[in-house]
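**Q** If you want the building blocks of each chain, they are given just below.
Protein chains: 2
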Amino acid sequence: MPRTIEVTELALRDGHQSLLATRMALEDLVPACEHIDQAGYWSVECWGGATYDACIRFLNEDPWERLRTFRRLMPNSRLQMLLRGQNLLGYRHYEDTVVDRFVEKSAENGMDVFRVFDALNDERNLRRAMEAVRRTGKHAQGTICYTLSPLHTPQTFVDQAKRLQDLGCDSICIKDMAALLRPAPAYEVVSGIKEALGDDLPVHVHVHATTGVTLVSLQKAIEAGADIVDTAISSMSLGPGHNPTEALVEMLEGTEYTTRLDRDRLRAIKDHFASVRPRYRHFESRFLGVETDIFESQIPGGMISNMENQLDQQGAGDRVRDVLAEVPRVREDAGFPPLVTPSSQIVGTQAVFNVLMGRYKTLTAEFAHLLLGYYGATVGDVDPDLVERAREQLGKEPIEHRPADDLEPEWEELETSAAELEGFDGSDEDVLTFALFPGVAPKFFAERGEGPRNLSLESASADAGGESGDAPGSRAVSSPVTYDVRIGDTVRRVTVEPA
Amino acid sequence: MPRTIEVTELALRDGHQSLLATRMALEDLVPACEHIDQAGYWSVECWGGATYDACIRFLNEDPWERLRTFRRLMPNSRLQMLLRGQNLLGYRHYEDTVVDRFVEKSAENGMDVFRVFDALNDERNLRRAMEAVRRTGKHAQGTICYTLSPLHTPQTFVDQAKRLQDLGCDSICIKDMAALLRPAPAYEVVSGIKEALGDDLPVHVHVHATTGVTLVSLQKAIEAGADIVDTAISSMSLGPGHNPTEALVEMLEGTEYTTRLDRDRLRAIKDHFASVRPRYRHFESRFLGVETDIFESQIPGGMISNMENQLDQQGAGDRVRDVLAEVPRVREDAGFPPLVTPSSQIVGTQAVFNVLMGRYKTLTAEFAHLLLGYYGATVGDVDPDLVERAREQLGKEPIEHRPADDLEPEWEELETSAAELEGFDGSDEDVLTFALFPGVAPKFFAERGEGPRNLSLESASADAGGESGDAPGSRAVSSPVTYDVRIGDTVRRVTVEPA
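So the sequences go chain by chain: A and B.
Oh and the first sequence: position 263 is 263 in the working numbering, straight run, nothing missing.
Oh and the second sequence: position 81 is 81 in the working numbering, straight run, nothing missing.
For the record, the hints were derived by calculation from the structure and aren't laboratory data.
Any given hint might turn out to be false.
All copies of an identical chain are treated as equivalent in the list; a pair is satisfied when it fits inside any one copy or across any two copies.
Okay, derived cross-link-like pairs now, SDA-like style, lysine to any residue, Cα gap no bigger than 25 Å in a straight line [claimed, not checked]: (1) K162 - G449; (2) K396 - G317; (3) K396 - E332; (4) K194 - E256.
Take these sequences, add in the hints, and give me the full structure.
**A** Dropping the structure here:
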């Protein structure tokens, strides 16, 4: 009897996030839902920070309504979301009762599996969210952000898995957001976790395809005992996205492993996305091939495009290679954080500043906060001179405790502020939308009644216009010597003297 | 000590053949040669039927001069070619002394490794070419065309490998031209060959990337003892092409296997092709993603585009799925030949005819010859009713002997005919060009003095014009009821009554 490998389909969340800047409208996802529901997946990833953000910022869609629609259309499926621990779906730390409320409402609206991660792999930033998920009776998945550094060994990740088990997680996810997990360490990490934690705690492996090697890593993870793997249907796969679901099925054909997936359903899902994707070509990722240089820079594919845009706008497009070389140095100075939202933006922006203005001539506020521990603890030591610089610049002391411990209860204040907005519907869901995206929520509430916008149906020129400057994580530049940095809703203007 | 896996780089032949319709001009290949020569490859595939054809048909380049250039620019490398056994680089069987002459001249001009295959896996069609290679002292690689059918098991291929060993080959190649070799059979076939033939005969694995699963197959082939694998530099990889060289290197990092490849040289090769490839966008393969439906139809990616073109021109673009479903039936009726040039064109065209006109209402002459044994023997039995139809249609009897046994010596006649052509230079190489491509050689000889054409530097519209109708394997249609079939230089006009 072959062992059954379970599969999570990513097309509805990370698939279009990685390939189409998260722009796919609900109406283009709906026709695939029945097939996805019947195909035999373990879960269907369909919600997260970027989908929530894109819904209210670009698509005039209520993300909670999207969630309820998925719930209704896929009654047999576990719905899955990606949750940034104490950041929830935003870019700052939230006070604990907001975390609780968000998890409760998500579960109530239909979410089943919460994949909870922290960009720094600091479990203190996961604890509250995990406890909240467990109270709802839903599936709490503790997540390890995979990264490479002189301080990260397979044992580092096994130790982290133990700590996640101690937090009471229902499964462990290895999340490889930049396709850095090679086959040999995939085997070592998964078998190490299985040995240390026993066979009862499922191990779930999430890899991107960017470096071209991670389908082999999934094979090795499966040989090492992985229980569930993430893929995206072929017509929404590859490049900075994920390995194709159908290729996984074929990979296991004739081996001692199998999946429960129905090939005819997979073909129907593939055909659907193959037919709608061309309409989103203006949002397509620039580069759909394989890039192994990432093993050095560790910069996820989507972020490289962002940097190229920034540098082009600065008339410094020829400095891309310098920035790619600078990123690993900045990351080392910050104690080797994994590069994933928001640490990827923080480290990447500081690297751009270093190249354009001279190394650490200006610290971004976010980088300074990172150095002082306000995002949590990193595995490595932070450069002491930089800590001193950050202390002076921010007028704040370094902290060693959990960042959210400093936060006062904020739900009532959020509720009061939200209630003042035109179009606020009085629900906790709306309060949460305001809490997560205070800059975008007012316009969204006011215009919600106009109904969803499907950007793929608008003209190419309108699409291109809608793109410029206001994408999450993008940074508009207003003059050659002034530089606007946005992380989430926070925009910071910095005057730049080129080095 | 990790075991060293040797690598063959495909960018100069199958890479641009699979992705860019073999149109890359020598001047765009030359700048990569020094890096390729220094990168640590086992061999450099750089010549074959399609490159020879494209040189004289489209690029006004002497293919022998291309070979001599590669020899000069890569003095440290084994140059490798793909040879269609008794077909040489053409589409018919050649008399034995022509085979001898072609191999001698290729070796003399710098070829080192001859990968010899037959589309039907009929070793009688390889024997003469293999003997000729051995006489030159060069490397004779015996090739197994991998395919799937109820009659093909791993043992089938192991048995064939034994027969190739008996022919005296220096290595065995498993050639998977449609990306059908899944990981489990990759392991079984390679380990079966190693067990049966011993460790001294190197096993070389060639896979395409189309189904998305074959990098895993390379991993399994390596675990089973494969010695050499084929890849293409990342900027000339994927889609209907091959797995990226850099991904192979990363795949083996930290395992008990390694390569001799130099990452800096690989980066230089990648950067070169990344910079020239966009100029060839008008020749780009239509589909660069992953397609697992090939496991059913077994039609190589490039051929599907050809069929779509044919059917579109017939106003029958909506019949593509019918044709894809018909191909496996036609293949079964013909005794399950692998689908590779020329059997892929023969079976594919018959399938188109069956769909448009009714099943076997018309047999193409090529399909009739295939049924009667004039291309060699297939593994399976041929449908007896069809054999009878073919016999009547051609007025020929079925044969069981080696097809080339019927051929009379033809070198002198070829020489005499070639000598009559304007621009013939008196060399054996020119006689061979005439022998292989009698329809194209006269124009090429006459215009050779004008020097090479780099199609990527001409305008988009000119490129598109150059494409229509005269590509090798394409078929022009002149009216809705008339259908021209070209296989190589042979064009056959058939009147079609749509079913």
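**Q** Now tell me, hint by hint, if it's right for this structure.
**A** Now for the hints, and whether the structure bears them out:
no.: 1; hint: K162 - G449; in the structure: neither (48 Å within a copy, 73 Å between copies)
no.: 2; hint: K396 - G317; in the structure: neither (35 Å within a copy, 68 Å between copies)
no.: 3; hint: K396 - E332; in the structure: within (22 Å within a copy, 77 Å between copies)
no.: 4; hint: K194 - E256; in the structure: both (19 Å within a copy, 22 Å between copies)
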